[in-house]
Each structure stands twice: as structure tokens, then as C-alpha cells.
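**Student:** Residue-level listing of the chains:
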Amino acid sequence: MTALIEIHDIAVQRGGREALQIDTLDIARGETLAVVGPNGAGKSTLLLMLAKLIKPAHGQIHFNGNLLSTLNDLEYRRKISFVFQDPLLLDMSAEENVALGLKFRGSTKEDIRMRVNHWMKQLGIESLAKRRATQISGGEAQRVSLARAFVLEPELLLLDEPFSALDPPTRANLLDELSALLVRDHRTAIFVTHNLNEAANLSQRIAIIIKGKLMQVGPAKQIKTKPVNEEVAAFLKELNQAI
Amino acid sequence: MVFNLDTWQITLLSLRVSASATAISLLIGLPFGTWLALGNFRGRSFILSIINTGMALPPVVVGLVVAMMLWRSGPLGNLNLVYTPTAIIIAQTIIAAPVVTGLTAATLQALDPRLRQQLLGLGASTLQMIWMLWREARLPLLAALIAGFGSVISEVGASMMVGGNIQGQTRVLTTAIVLETDKGEFNVALGLSVLLLVITYLINLALTWIQQRGAKR
Numbered sequence: 001m002t003a004l005i006e007i008h009d010i011a012v013q014r015g016g017r018e019a020l021q022i023d024t025l026d027i028a029r030g031e032t033l034a035v036v037g038p039n040g041a042g043k044s045t046l047l048l049m050l051a052k053l054i055k056p057a058h059g060q061i062h063f064n065g066n067l068l069s070t071l072n073d074l075e076y077r078r079k080i081s082f083v084f085q086d087p088l089l090l091d092m093s094a095e096e097n098v099a100l101g102l103k104f105r106g107s108t109k110e111d112i113r114m115r116v117n118h119w120m121k122q123l124g125i126e127s128l129a130k131r132r133a134t135q136i137s138g139g140e141a142q143r144v145s146l147a148r149a150f151v152l153e154p155e156l157l158l159l160d161e162p163f164s165a166l167d168p169p170t171r172a173n174l175l176d177e178l179s180a181l182l183v184r185d186h187r188t189a190i191f192v193t194h195n196l197n198e199a200a201n202l203s204q205r206i207a208i209i210i211k212g213k214l215m216q217v218g219p220a221k222q223i224k225t226k227p228v229n230e231e232v233a234a235f236l237k238e239l240n241q242a243i
Numbered sequence: 244m245v246f247n248l249d250t251w252q253i254t255l256l257s258l259r260v261s262a263s264a265t266a267i268s269l270l271i272g273l274p275f276g277t278w279l280a281l282g283n284f285r286g287r288s289f290i291l292s293i294i295n296t297g298m299a300l301p302p303v304v305v306g307l308v309v310a311m312m313l314w315r316s317g318p319l320g321n322l323n324l325v326y327t328p329t330a331i332i333i334a335q336t337i338i339a340a341p342v343v344t345g346l347t348a349a350t351l352q353a354l355d356p357r358l359r360q361q362l363l364g365l366g367a368s369t370l371q372m373i374w375m376l377w378r379e380a381r382l383p384l385l386a387a388l389i390a391g392f393g394s395v396i397s398e399v400g401a402s403m404m405v406g407g408n409i410q411g412q413t414r415v416l417t418t419a420i421v422l423e424t425d426k427g428e429f430n431v432a433l434g435l436s437v438l439l440l441v442i443t444y445l446i447n448l449a450l451t452w453i454q455q456r457g458a459k460r
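Protein sequence lines correspond, in order, to chains A and B.
Numbered according to my numbering, the first sequence terminates at residue 243, and the numbering increases by one at each position without gaps.
Numbered according to my numbering, the second sequence terminates at residue 460, and the numbering increases by one at each position without gaps.
The following block holds chain B by itself, in its conformation from the complex (with noise of 0.2 Å):
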């Protein structure tokens, strides 16, 4: 099975749902970290306490609880969304963004708090302000979307419960893994490891050499 049309469709839906979860992430994650680095208001150290726990959410109860909601009796069952792709980029989104806000956060916490003042100093609007220190602190944000991708890419628990690893649907690289050691299909779930592992390799090195490139320059 390693080698032919499932897996390529399993391979892709992977990519396809670990990227989606990725960008989601990012989009929430990049300017709710801003948000919580360079404002200053009341509770923000407790939100920032939430985000770093989120960090750390198990895989499988984000998706005991994504599924309670998607479930047909649950809150957002007339979506019809249960066992379906976007079902597992929705949990892998609430898995991703934590990690990309956390870092985000951090990230920023880290400059120069002088370089927000030296910025507006010199004349730049609050969005143009935020783009510069983006722009500072690239390599570290960067590092922050591979976080995201490889806490998402890797996961099963929350795949499995709210995708339901249906053939030719929703079944992903992991949930392909775990079904063939169910099934003592021990050399099948090892050829698909090996596949997870070198598509996340390529992937980290494209990020890592983008990183590193700038880095250098």
C-alpha cells in the first residue's frame, strides 16, 4: 500500500490539512500575539498564562471536545461538519494557533522595548510600527509557524476523533499509521512513518533555509 494512489491522496490530505491549520493559526495567532506583547491593560498576564497552557493542549482532548461540538446532539451539529477535513483543520487550528500566539508573544516581549518608542519617533503609524518589528524579529516568527506546523502535522488523537480516519475522506498520514499497527500491518505503518518523516524534514528545511537565509543577509 505504501507506494500507490491512497497514499498519495492520505499524503496530500495531511499536507493539505496540517497547511490550512497552519495558516488559520497564523492569521489568529500573529496579531493576537502582538496584541498581548505590546499592549497593556488588565488581565493580560492571566490570558498570556491561558496561551502558554494552550501551548501544551493534549492533541486528544481538543479533539474529545471539538467532536462534542461537531457531533450531530452538539451545539454546531446542523454544520454537518463531523468526520470531514474541515473537521480536523478546526482541531488542529485550536492545536496550532496557542503555539504561534505563545511564540508570537514572546517573540516581541523580547526586543527592544525602546525600538516601539524609537519607531514612533520617527514617524510611523501603529500598523506601520507592528510591520517593522515583525520584520525585526522574522527568524524567531518564523520559527514560531514551524513550531505550529509541527505540533499539527504529527498529532492523531484529534484527527482520529473528529475525522474518524474514514478511507478515501478523512484519513491522514497519522491515522493511516495507527490504523496499520492495528491491523499488525507493522512494515505498511513503517513505510508511512518514514513518509511523515521526510515530508516534515522538507518542509522544515524549506522554513529553516528561508530562515537562515535571512539570518545571513
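Okay, chain A solo, but in the shape it has when bound (with noise of 0.2 Å):
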């Protein structure tokens, strides 16, 4: 597989101090990649990052072989799609939010009708569609988070913690969902998270990100049963507790 986003040397300064640094990182194309860490250890600045919404102090990002500061933010960002822990519709109805990334590239009214309705059926929302943001539940509201990032078709799809607010069992729905979808149309995506089971079941490589630090990368397998330094280690063993 050829990589889609190679990462070299990349450090990102917030808030006057190292937030994020990576010496190497590529994701393959139609490649899972779920990144893991504590809280505030870089995992979500990666994502703003690679959604060109910071700037890296220093580095080089490629996308697709081209360097990525070169691209122009606004056509990298019609090749992306992110979506965030909180849902974050807008007041309007659920249909009018999945069509709004449509909208912003200028689709035809008649392509946005049939891709909207395509995915909201897909993510089993299509009951929903001419319901306002503001009446729907949190795991609706995320289903539509979700079929709004997914109508665009992005050569590259953020996650970050997109089902961290819900109750177990919805979580659960759709994770399933999730990784049906991305098996299937192989797209590209990068999967923040903070449990390692989804993780394992969601990606085919983990990233460990401790305290601004990427500190491995590698298959479920290989992490759990080998950590990379003591760091990674302890951080597993916290996690394996809270389950």
C-alpha cells in the first residue's frame, strides 16, 4: 500500500509549549490508524495538524507525495472531512447539516438530495431527516456528525473521540457501523481514542502518543505485548485498569 500522509520531523508549539512531536509517521491509503494517549498528550493537535487548522513549528507533512504546506488550504481541506468529539450540528434541520459540506464545494442540488439521502439511510437516520438538530439525541446527533463527514467522500476522515460522549451500547452500534463503512469503501482515516479495545477492533496499526510524544506505532498485538519503553508500558497497564 503507498502512503497517503507522511509525517517527518513535525513539532507543533501551543500554548509556548511542545505540544506534538513525531520524527516519522506514514498512513497508508485505505489505511485505520488509531491514535491512543492521556488526555492533553497531542492526540487532537495531531488531527488539527493534518486538517491544516494549525501550523506545524517545524516539519514536513505530504499528502499524496505533495507537500502539504505547499497545497492550498481550501482545496486540502475539500479532500478532508473531520469530525469532533461533540457532534457540533447546526440549527437546521439533520438533512440540511449532511448537505452542508455538499453545499460549501457547490454540488448540484440533485447530486447533494441523492448522496444526503444515500448516507443518512446508511447510518440508519433517514427517519431524521427533516427533524432540527436541536431535537435529536446525542447518539442521532452523532450519526449525523457522522453521515455529514462520510457524503464527502474524504480521501482522509479525522475522528477525533467521535463517540467518547455516548452511552455504551450506542457506542458500541456504532463502532460497529463505523468499522463496517471503513472496511468497505477502504477509506483513509486517523481514529482518536482513549480505549484500546476500539482501537484494536477499529484499526489495523495503534499509535501511542504520551505527553506530546509519538511513542510507537505497530498492530494491536504487537503494542499490547510489546511495549515499546516503560512509558508505553505503565500507560497500557492505566488503561487495562480503567476496563
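These are calculated hints, taken from the structure and not from any lab test.
Ideal placement from N, C-alpha and C gives every residue a C-beta, glycine not left out.
Worth double-checking, as some hints may not be accurate.
[As the list claims (entries may be wrong)] Taking beta-carbon pairs under 10 Å as the criterion, some of the chain B residues facing chain A (in silico): (1) 357; (2) 359; (3) 361; (4) 363; (5) 367; (6) 368; (7) 369; (8) 378; (9) 379.
Each of the two chains sits in its own frame; use the hints to bring them together as a complex.
**Tutor:** In C-alpha cells:
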């Protein structure tokens, strides 16, 4: 598999401190990479940087072989999609929320209608189409948020703990559905989570970030059995105790 | 005098100058307030503090400064604007613009900052992002418009000083009320006051209806 994202020698400063440091990280096309780490470790910073919403202090990121810093911000962002921890829906109907990114891209009404219907059906929220975003539950809102991201059929999907605020059954259902969609569409995705089991089920590889440093990247089995240092081992132990 | 031709002329002029000043304030205040709310630059807090102070500008001080500027010997004297409706519009714009700017900035700063990132992450251009933020904050932004209009339709100091209260030319409801009171014509002054209150109420009723219809949708 060829790499869609190549990160080299990156450092990001936030609030006067180094929030993220990565020597090297490649993400293959069609791969789902889970990013796991404690609160404030720099996981969200990685996603914001890859969405070109914050700039690294130094280093290089390549997207599709092109240097990210040389790509036009808007053109690049229209190739990706971002799902936040909170659904952040706008005060409009569910279907209007799902259509938002397509409208930004100037898609035709017919194209928007077809794609919105398709993805609302895929995520089981077609019955909510006309409901206002303020009148739907947290789980439904997160489904709308996912549909809003998938409808764009992005080359890269950035998911920042999208299910952390949901109750366990809703969370498990959505994870299964997300996993199936990612596999079916060979979508490249980076999924930030606190949950190692979720990470293992959803992704091909897991990246562990602690105190802003990328510590280890590898398949779940390798991460669990061969932590690269004591810091990773201690973090994994803490995670296991929390489950 | 209350319901004769003069009264309607005064009423129409009041509405025309205050509506024009509010519209211009909106054209200035909405983008400027947005820039202050979304921008991240040195001196932003200082500018915001100036704008917030401007929200409480005494109309009579604005009238004095505008009169000095437009006076025949003043820097803009050659424009011959003093004692014209345009002069009142300028003074009222200076009163309303900080109100609209300050409330716009406060409204947009109250939105979840991640909403901007979410909109950009969905591929919105900067203008599309700002438009969606305005749409999201449309109810408090309409309140800013109502506050801006309220601040100018009811002011008297600036209109008196730069307009001169000339009958048939620059007399507006508030300056007419002052004049009639000075003359001891309290019944006329009271009638004009009621008229001013009714007009202000009807305009605010219409704006509030639009606002609340948006809230219920």
C-alpha cells in the first residue's frame, strides 16, 4: 500500500509549549490508524495539524506525495473531513446538516439530494431528515455528524473521539457500523480514542502518543505485548485497569 | 399640530435618518465585529475595550464632535453638511455603530470556538464559515440590530446639535418634543412622545416577531 500521509520531523507548539513531536509516521491509503494516549497528550493536535487548522513549528507533511504546506488550504480541506468529539451540528434540520459540506463545494441540488439520502440511510437516520438538530438525541446527533463527514467521500477522515460522549450500547453499535463503512469503502481514517479495545477493533495499527511524543506505532498485538518503553507499558497498564 | 402634515413629515424624517444610520451601522458593525471576534492579533482586547466604551457614547458628545467637524470653519466644512439630514445620519451612525460592533463581537465570541474548526474541516471557505456563524447567531445578531436602532431613534442631543432642528428640513420627533416642551406646549410634546413610543414599539415588535419566528423554527 502507498502512503497517503507521510510525516517527518514534526513539532507543534501550542500555548508556549511543545504539544506534539513526531519523528516519522506514514499512513497508508485505505488504512485506519487509531491514535491512543492520555488526556492532553497531543492526539487532537495531530488531527488539527493534518486538517491544516494549526501549523507545525517545523517539519514536513506530505499528502499524496505533495508537500502539505504548499497545498491551498481550502482545496486540501475539501479532500478531507473532520468529526469532532461533540457533533457540533448547526441549528437547522438533520438533512441540511448532512448536506453542509456538499453545499460548500457547490454540488448540484440533485447530487446533494441523492448523496444525502444515501448516507442518511447508511447510518440509519433517514427518518430524522426533517428534524431540527436541536431535537435529536446525542447518539442520533453523532450519526448525523458521521453522515455529514462520509457524504463528502473524503480521501482522509479525521475522527476525534467521536463516540466518547455516548452511552456504551450506542457507542458499540456506532463503532461496528463505522468499522464496516471504513472497510467497505477502503477509506483512510485516523481515529483518536482513549479505549485500546476500540482502537484494536477498528484499526490496522495503533499509534501511542504520550506527553506530545509519538512513542510507538504498530499492530494492536505488538503494542499490547511489546511496549517500546516503560512509559508506554505504564500507560497500557493504566488503560487496562480502567476497563 | 400632533396629526397634521408637519407631524408626518417629522415622523418620516425620523424614520429615514434612524433607519439609514442603523443600516450603515450594520454594514460597518457586522464585519468589524466579526473581525474582532474571530481575529487573533495584538491589540484586539484594546480595540474591544474602545468599542465597548463606544457603546455608551453620550449622543451630545458625538453631536459636539460631528458639529465641530462639519462646521463651516471645520475640517469637513466645505461639504456643507451641517444642519442637514445627512449630518444627523453621520452622528447617529457614530452612536449606533459601536453598539452593533460590540454586540456582534460578543455574540460570535459566545459561539463554541470549535464550530469554526468544524466548518473549515467540512470544506467551508472563510466567507462560507462566517456566513454560517452569522446564521447560527442570527437571533442575538437581530438583537444587536434592535439595540442599534433603539439607540438612535430615541437620541436627541446629536440630532439637535448637528441638525439644528430646522422646521421642514432637519426636525425629527425627539427634537420636536424638546422644542414643544420649551414652548410650554406640553400636550403637543406629549402627543409626539406617544407617537415616538408607538413607532419604536411597532418596529421592535416587527423585529422581535422575525427573531422569535427564527427561534421557533
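**Student:** Now tell me, hint by hint, if it's right for this structure.
**Tutor:** Going down the list of hints, with the structure as the test:
With its C-beta approaching chain A no nearer than about 6 Å, residue 357 (chain B) sits inside the 10 Å limit, and its interface hint holds. About 9 Å separates the beta-carbon of residue 359 (chain B) from the nearest beta-carbon of chain A, less than 10 Å, and the hint is met. Interface restraint check: residue 361 (chain B) against chain A, minimum CB-CB distance 4 Å, threshold 10 Å, status holds. For residue 363 (chain B), the interface hint holds, since its Cβ comes within 10 Å of a Cβ in chain A; the closest pair sits about 6 Å apart.
Evaluation of the residue 367 (chain B) hint against chain A yields a held restraint, the C-beta minimum of about 5 Å falling below 10 Å. About 6 Å separates the beta-carbon of residue 368 (chain B) from the nearest beta-carbon of chain A, less than 10 Å, and the hint is met. Hint status for residue 369 (chain B): holds, given a least beta-carbon distance of 8 Å to chain A, under 10 Å. Nearest Cβ of chain A to the Cβ of residue 378 (chain B): about 7 Å, under the 10 Å cut. The hint holds.
With a least beta-carbon distance of about 6 Å to chain A, the hint placing residue 379 (chain B) at the interface is held under the 10 Å criterion.
Hint violations for this structure: none, all hints satisfied.
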